[in-house]
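Asker: Protein chains in written order, with the working numbering: chain A, 28 to 257; chain B, -19 to 466.
I should point out that these hints are in silico values taken from the structure, not numbers from a laboratory.
The reader is advised that the hints may include incorrect statements.
DSBU-like, lysine-lysine: derived pairs with alpha carbons at most 35 Å apart [what the hints assert, rightly or not]:
no. : chain 1 : residue 1 : chain 2 : residue 2
1   : B       : Lys244    : B       : Lys13
2   : B       : Lys382    : B       : Lys234
3   : A       : Lys148    : B       : Lys234
4   : B       : Lys146    : B       : Lys459
5   : B       : Lys176    : B       : Lys156
6   : B       : Lys18     : B       : Lys252
7   : B       : Lys234    : B       : Lys286
8   : A       : Lys148    : B       : Lys156
9   : B       : Lys176    : A       : Lys148
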Amino acid sequence: MAAPKASLHLVAPVWNGGTRGIGGLSRVVAPEGNQKKGRSLLQFLADRFYDVEALRDHLLRKRVSKVHQKNRFQGREWIRPNQRGHFSLDFLKLQAVPVEAVDASGCAINYQGLDSLLALKELQSLWLQRCPHVDDWCLSRLHPLASSLQELSLAGCPRVSERGLACLHHLWNLRRLDISDLPAVSSPGLTRILVEEMLPSCEVLGADWAQGLKLGPEEQPRDTAGPIPA
Amino acid sequence: MLRRTLLLGLCRGPLGRGLGTHRGGSILDRDGKMSEIKKKIQSILPGGDWNPLYDTSHLPPESSDVVIVGGGVLGLSVAYWLKKLEKPRGAIRVLVVERDHTYSRASTVLSVGGIRQQFSVPENVQLSLFSIDFLRNINEYLAVADDPPLDIQFNPSGYLLLASEKGAAIMENNVKVQRQEGAKVCLMSPEQLRNKFPWINTEGVALASYGMEHEGWFDPWCLLQGLRRKVQSMGVLFCHGEVTRFMSSSNLMKTASGEEVNLKRIHEVHVKIDQSLEYQPVECAIVINAAGAWSGQVAELAGIGKGPPGTLQGTKLPVELRKRYVYLWHCPQGPGLETPFVIDPSGTYFRREGLGHNYLGGCSPTEEEEPDPGNLEVDHDFFQDRVWPPLAQRVPAFETLKVRSAWAGYYDYNTFDQNGVVGPHPLVINMYFATGFSGHGLQQAPAVGRAVAEMVLEGHFQTINLSSFLFSRFYSGEKVQEHNII
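In isolation and in its complexed conformation, chain A is listed as follows:
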């Protein structure tokens, strides 16, 4: 049967009167005081039955997509593929529109792939979080974006080291730089100080002072009773 799982990060959505809840749970929804109980009952059931959890996720996703459809960008709808998976040709009209931000988080972009990004002369914000192939060589290619780039995020890139960070000084317009969680950097605290000195008008995030210190065995707040000696 379903085994009890660790606490889920998903918070059950607030159920308004307008929605139809799952079977017998709709009764629990309306009053404020009972909402907590309702949530914990849903949580209890979801913890024990995979089907309940799947149904709850599905309903959550439906609500999220409704929210997305309501947003716009640049006065238009988001450009999405239609049922067949094809994009409408509307976006070809946008070729003259400058690209301001690129979110390439998690993409397998590499040294040759950066050719496409470097052609964007008005790029202001570039997110390269957790890109597995972005390394020091790629960072040395970013200097053509110096006049426009204001925000750069390299958090979690496994191949970026302090040697690549040294060539970010070409980006004199940079205002926000995120260098948290870089495993290849040998001393994160010292690197952060040196990068801050190198880019005086830039706010450098991540690479905390305490990151160089070793923590003891991970201590998490326990909510289930364990054999703690009294």
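Dock chain B against chain A, hints included.
Answerer: This is chain B only, laid out in the frame that chain A set:
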């Protein structure tokens, strides 16, 4: 009993018949092979000098198609490309002879490890561009199954060359040539220099050229080990020994104009084993001289330069040992993480090393103050007198610094024009050179190795045309002067 006699009869029969019928004027005897076979059989039989119980595993093989004298980065690069470009695979046997297996005096590992495209000769720029490409994809070129990938610790911080009023016009010309070949270099005025690097004192600087991409420094030991591991996996043989003699044969030939020329061909290399009197004569087809700073001595062994001066026979290989010092110092107020490899107009250079405000640097001495290259002792007064004053003048923060350590290494200095020698010798027709790079050999090694391998396998350069680097320029006097030598 019957069986044994039958077997004996069968065995001796063909052999006896074979020797009998092939006597005198047959296919086998044409090259004198029969007499060699007879000699070998005589030595195997009792009373001969071949002892099967003698262990020869420490000796190099008796024959090898290519013998590479010198196992530094240039020699290993030639070995790698020979094995990579040969058709069919496994066709060529390559032997690398290196007398110092700890590489304690090799220029490769004592080098500061920089790579740049800012040269004045276009071929040098092309060589460096290919080499940086090789270094970026080093794990595709030098991958060995089951071994961890290489990390050459490349710092892409670029080179900053400063020029005074006199040198500004030459620098502009050079930058034009470099840009034509595809290098990413930008010119900066003293004001832009002060904005970008506030720790520089721009007094006396009229122009600066800054490499934006593909320039920096890396770990030469890692490249050497990577090459060594890869060529061993490709089947190249290594020998820890010293080349003491070349046995060559001469052929008197007539050129088209009726001139008589004595062409030599090396057919045996005597390799003496370290700390022993033993030597092994290795039969070879081609010899590659990649002995670095000692290439001149190896060339003399082959008889290059033994002739009346002014003739082609009398032209020596002008590669000499030159000692250069490198100093490592600590300066807590020094330039920050963005420091490129800075080269002053006076010839002094420095670069950052690591995260802890340590810097490496030095200066090339003038001809008059060349130190004695007999040993690798460091002269600390040289730092006080010749390196520190221009450094402190250029970077005021360097007025307070503390030298942590220093070492010395050799340049394979080409006294003719400070550029490499690549390709075959016109008279000793099977000796190829890959040496004389005067301080920029490490950064061009992958590309030069490929060029020499192409010359050996195809007979001409295919990718980068290095015809202006051939040996014959020493006789004809055409200098290919490289101005940006540090």
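Asker: State for each hint whether it applies.
Answerer: Hint-by-hint comparison with the structure:
| no. | hint | result |
| --- | --- | --- |
| 1 | Lys244/B / Lys13/B | 23 Å, holds |
| 2 | Lys382/B / Lys234/B | 65 Å, violated |
| 3 | Lys148/A / Lys234/B | 65 Å, violated |
| 4 | Lys146/B / Lys459/B | 22 Å, holds |
| 5 | Lys176/B / Lys156/B | 22 Å, holds |
| 6 | Lys18/B / Lys252/B | 28 Å, holds |
| 7 | Lys234/B / Lys286/B | 20 Å, holds |
| 8 | Lys148/A / Lys156/B | 25 Å, holds |
| 9 | Lys176/B / Lys148/A | 22 Å, holds |
Hints 2 and 3, counting from the list given before, are not met by this structure.
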